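Student: Residue numbers (my numbering), protein chains in the order written: chain A, 1 to 281; chain B, 1 to 343.
For the record, the hints were derived by calculation from the structure and aren't laboratory data. Remember, it's a predicted structure, so these values are computed and weren't measured experimentally. Among the hints, a few may not be true.
Claimed, not checked - Computed list of lysine-lysine pairs in DSSO-like fashion (alpha-carbon distance at most 27 Å, straight line):
no., chain 1, residue 1, chain 2, residue 2
1, B, K2, B, K18
2, A, K36, B, K74
3, A, K41, B, K73
4, B, K224, A, K234
5, B, K69, A, K20
6, A, K41, B, K74
7, B, K67, A, K41
8, B, K337, B, K217
9, B, K83, B, K151
10, B, K73, A, K20
11, B, K73, A, K36
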Amino acid sequence: MSCRCNNRVDPLVPEVAVIKNIRVDTNDVTTFTVEKPEGRKCFESMPGQCAMISVPPIGEALFSITSSPTEKNFMEFSIKRCGAVTEYLHGLEVGAEIGIRGPYGNNFPVEDELKGKDLLFIGGGIGLAPLRSVINYVMDNRDNYGQVDIVYGARTSGDLVHTKDIFENWPSRPNTNVHLTVDREEEGWDGHVGFVPSYIKELGFDTNKVALICGPPIMIKFVLQGLEEIGFKKEQVYTTLELKMKCGVGKCGRCNIGDKYVCKDGPVFRCDEIQELPDEY
Amino acid sequence: MKKVAKNKFSQLWNSINKDYELFLPIEKDGKVNFSLWKDEDKINLDAIKTNVSPKNIIFPQSETYLKFKTDGKKLSLENVGGKKEEYVLFGVRPCDAVSFNLIDNVFLREPIDRFYEERRNKGTVVSMACLEPEETCFCSSFGIEPETAPKGVDVFTWDIGQTILWEAQTEKGNILTEKLGDIFEEVTEQDINELEKLKHSIKDKVSSLPLSDVDPKKIDGDLKDIFESEVWDEISKSCLGCGSCTYVCPTCHCYDIQDFDGGKCGERFRCWDSCMFSDFTRMAHGNPRTSQKERFRQRFMHKLVYYPNNHQVYACVGCGRCIEKCPVNMNIVKVIKKLGGEK
Numbered sequence: 001m002s003c004r005c006n007n008r009v010d011p012l013v014p015e016v017a018v019i020k021n022i023r024v025d026t027n028d029v030t031t032f033t034v035e036k037p038e039g040r041k042c043f044e045s046m047p048g049q050c051a052m053i054s055v056p057p058i059g060e061a062l063f064s065i066t067s068s069p070t071e072k073n074f075m076e077f078s079i080k081r082c083g084a085v086t087e088y089l090h091g092l093e094v095g096a097e098i099g100i101r102g103p104y105g106n107n108f109p110v111e112d113e114l115k116g117k118d119l120l121f122i123g124g125g126i127g128l129a130p131l132r133s134v135i136n137y138v139m140d141n142r143d144n145y146g147q148v149d150i151v152y153g154a155r156t157s158g159d160l161v162h163t164k165d166i167f168e169n170w171p172s173r174p175n176t177n178v179h180l181t182v183d184r185e186e187e188g189w190d191g192h193v194g195f196v197p198s199y200i201k202e203l204g205f206d207t208n209k210v211a212l213i214c215g216p217p218i219m220i221k222f223v224l225q226g227l228e229e230i231g232f233k234k235e236q237v238y239t240t241l242e243l244k245m246k247c248g249v250g251k252c253g254r255c256n257i258g259d260k261y262v263c264k265d266g267p268v269f270r271c272d273e274i275q276e277l278p279d280e281y
Numbered sequence: 001m002k003k004v005a006k007n008k009f010s011q012l013w014n015s016i017n018k019d020y021e022l023f024l025p026i027e028k029d030g031k032v033n034f035s036l037w038k039d040e041d042k043i044n045l046d047a048i049k050t051n052v053s054p055k056n057i058i059f060p061q062s063e064t065y066l067k068f069k070t071d072g073k074k075l076s077l078e079n080v081g082g083k084k085e086e087y088v089l090f091g092v093r094p095c096d097a098v099s100f101n102l103i104d105n106v107f108l109r110e111p112i113d114r115f116y117e118e119r120r121n122k123g124t125v126v127s128m129a130c131l132e133p134e135e136t137c138f139c140s141s142f143g144i145e146p147e148t149a150p151k152g153v154d155v156f157t158w159d160i161g162q163t164i165l166w167e168a169q170t171e172k173g174n175i176l177t178e179k180l181g182d183i184f185e186e187v188t189e190q191d192i193n194e195l196e197k198l199k200h201s202i203k204d205k206v207s208s209l210p211l212s213d214v215d216p217k218k219i220d221g222d223l224k225d226i227f228e229s230e231v232w233d234e235i236s237k238s239c240l241g242c243g244s245c246t247y248v249c250p251t252c253h254c255y256d257i258q259d260f261d262g263g264k265c266g267e268r269f270r271c272w273d274s275c276m277f278s279d280f281t282r283m284a285h286g287n288p289r290t291s292q293k294e295r296f297r298q299r300f301m302h303k304l305v306y307y308p309n310n311h312q313v314y315a316c317v318g319c320g321r322c323i324e325k326c327p328v329n330m331n332i333v334k335v336i337k338k339l340g341g342e343k
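Pulled out of the complex, with its shape left as it was, chain B reads as follows (with noise of 0.2 Å):
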């Protein structure tokens, strides 16, 4: 473990940038998003929630992978899909982090998405200790410890006041706190004791937030009984179908294809979409899911039951997004509850 000052934060980012591109959770406007950084970006590293969630950095809302030209009836395609550069990405949240693990479960089984896997590989995530957890987070419900490394983040760092602790955690960390070497002191025994006491007071503090309740195990029983529930009828009644809970949310990985027609030539570029919109699921023939109430419980479906029976674990961190962003007050909190059976 080592740690760096604070006031060498300009050193740290500059440092970093000489050999990656640097994403940070930047200010503008009001609102905290992870950005590429520049020099004059106001950077805000106390923000807990970003206004969406860093999916964007290894999934980004739209890539354009392929692109073609048709001259009479030739057609050429050439792929200009995934990232090229190494970057560095600073200051993800544990559960923001645990959610790209989430996503690798999809994009990296059998057939690879490649060029999502090239844009994990460039990546190195540093990931922050939460110090104030808010009254919208859950993430314990998922078995997150905001006050610990998750699986899967390069280095783990923890702001103890004047310094930020920096730990390591994968090669592909050490090769970064190599590179920037002379910037980082040692930790002193003081330093470690300060460390344990934060750690404590983050454990102290997540244990008593108001959705710690909140048990997603309690929604048991058959995929097909929990699927038939009244409760959907009652949960859904109120959703606009406006997809907001999925363009914030750090799990949902739908996406869709399209086409820009240039005249001659054009691209094909990938897209976020989202099962809350009602042409989804629309065919020539038809659509399965015509009612807001059956988009609605796809969604949830498939965060609480399918994608745990595929991967074993929930698809859902704990954010607490949704439950900002929600026009209707509608969220992922409310759908566990009911589905757990609470009245």
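Chain A with its partners taken away, still in its complex shape (with noise of 0.2 Å):
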């Protein structure tokens, strides 16, 4: 999908939005509600894209969307303390004014070939944030997509984000579970130990389904494996990359890899498309 900016502005330059709301989920990701000052969503959007979030001075960062399209007036963003200006936006309060762009990338497929499918989330860590938005898009449009399983991992129970989804708002819904795992055995915690990419194994997915994908590098290589081993082929499995990105358009040659830039040309990507990249992700 391509960028909807302003057609005379240029797709550097960013727009002024206000924090609404911040929820910190756990004590590195915090979940911020992002709209225009005077009200409403800042852009359109399709499930997986994302938006080039500004802290001046601090800089830019790129961060995907995480609430759903279907949410009318306002977007979300799950945001792991890691760097800089994410550093920076973890302490900010409610009614700071940022800067956005956006939206960029391409999206999951939500209305070509996920439609009336049987659909596999995998994700681990902060991975369930780009997965949300496109969870939730099918939790509003329940009757256009058959099953649903979502397996999510993280470190810890404390590392759980988005937890009023994962143990109440998706479980309660028709035709959907929700398989969580944590890695290390820990007291009070009475679900599965392990990580993702064996739980998939113990599962024993049938393969008529498209799975979607996202985490950790080391995670998403060893459940890719997994899913191969089971029986998916390439055709069937989603999956994000991660690279550096300034610009956001496809322009300033950060995100290039092979003759894709991420920014433009994903950050979704089937698997068989990564396979024909050079193995620098």
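Both chains are sitting in their own frames, so use the hints and assemble them into the complex.
Tutor: Right, here's the structure in full:
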């Protein structure tokens, strides 16, 4: 999907947006609700697309939009504290103004290949953030999709994000199962213990579905191997790539990998497309 | 076609300067570079390769495009990018003129880079044939003929001794020509004969240049096979990662975006960057290119494989600046030859 930027304004120029709500999810992840200063959503997007968030004079960084486009009035971003921009964002209060531009990148094919299919979402840690936009889109258009399985893992139960969704909202929906796991045994956790890739194998899914994966690169790598072992074809699996980005519009050259620009041609790739790329992700 | 006598150059510059900013190859401290002309400047129209390419006129090395102010929780943003003045860029060599088209392919595709677009639209490019191509020139490897006007230039000129021949190529070129009016004389049959001789002479010189046999088409095969070629280990070994090649290169267009912190107010600018630098791809969670070999490979894969896949043309124009500037004598010609199978 191409950028819907205003025709005459340069795509690098952000607009002012305001933080309407802040929810601390874990000790390093916070979810920000963002809208225009006068209210309403900053721009329309599709599930999986990203936005460039600006906090002058620290800089800009690209984040996946965590909320579904079916959310009419605002956008949400679940942001892990891990660098200069995110550190600064975590220090902001409700009412603080930031810069925003987008939407950037392609999206998960919710209106094409995913329609009518059984879906298997596989997330690790903050990797649930982009998947959540797809899951909520599917939930809001429930009749258009088949069975939904969500496998989500984190280091500890305290690192699980969007707890209201994973414990309450999603499991209560028809034909929807949520399978949670944490890396190690811990007091008070009576759910599954183990890494996501091995949990996938234990759950033993049938292969008549489309898988969407997002998480740390090492998890993605082993999940892909696991899915292939149980019979998934590369054409049935979607994931996202993450490379350093600055412009967000396929020009500054940073996220170039092979003949693709992750910010423009990605971040969503089907795994047979990834196979064509040099191993630099 | 028209002509203008060289003894009228001073008048020419002043006439252009009435309606336009004028950028010319200016010699300063022994180096020739394109810069804004002032009356006392020493113009050098004979230098084939300016020290750095004229890329900085259409894509400035550093460009402030946003001013911001913070006041408590309030943030105000002001768009200050782009170029407002019409300008003439005079004396661009055909290779450098072609490089503009290559950058256009990236910056003018959707979503259009409006700052760049404005700078391109405001500019009238006057290009010059290369009378004396140099040993490090290999533009013919990329189909460039330095005796004829490449696509995209607004005016093309030929130096035939006491005069230069002037031929407008586009509407912008016609407008400039019209504005200059009386300064031109009509060409004679003798001038046309001179021009034909000159074109032949340039052609001959180009075909006998030492690098005229460089052929990027010899690099063929699958993208991943070229990427994984063992050649990269050997040819990247000497690279210091200094980035000189990327800064003098007319086609390199990678950039960085940075904020200048001035307390409650500040500026956002973009500036040239280099894929040869170690932090170019560094992220909070790691770096996909940790070795100089990987960064070196990225630069040449981009010019010779990735860019051509996307735009059906190589991202090199054979200007040869990288050959002259690399401190360890590595350059794209050696890369093309090695990847093309030469031992």
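Student: Work down the list of hints and note, for each, if the structure agrees.
Tutor: Each hint tested on the structure:
For the given pair, K2 of chain B sits about 21 Å from K18 of chain B by alpha-carbon distance, which is consistent with the 27 Å threshold. Under the criterion of a C-alpha separation no larger than 27 Å, the hint pairing K36 of chain A with K74 of chain B is consistent with the structure, at around 13 Å. For the suggested pair K41 of chain A and K73 of chain B, the alpha carbons sit about 19 Å apart, so the restraint of at most 27 Å is met. A hinted pair counts as satisfied when its Cα atoms are at most 27 Å apart, and K224 of chain B with K234 of chain A qualifies at roughly 18 Å.
A threshold of 27 Å between alpha carbons decides the hint, and for K69 of chain B with K20 of chain A the separation of about 20 Å falls inside it, so the pair holds. Restraint check for K41 of chain A and K74 of chain B: satisfied, since their Cα atoms lie roughly 18 Å apart, inside the 27 Å limit. For the suggested pair K67 of chain B and K41 of chain A, the alpha carbons sit about 24 Å apart, so the restraint of at most 27 Å is met. With a C-alpha separation of about 10 Å, the suggested pairing of K337 of chain B with K217 of chain B holds against the 27 Å cut-off.
Distance check on the hinted pair: K83 of chain B and K151 of chain B sit about 23 Å apart at the alpha-carbon level, within 27 Å; holds. The hinted pair formed by K73 of chain B and K20 of chain A meets the criterion: a straight-line CA distance of about 12 Å does not exceed 27 Å. Among the hinted pairs, K73 of chain B with K36 of chain A is consistent with the structure: their alpha-carbon atoms are about 14 Å apart, no more than 27 Å.
The structure is consistent with each of the numbered hints, conforming to all of them.
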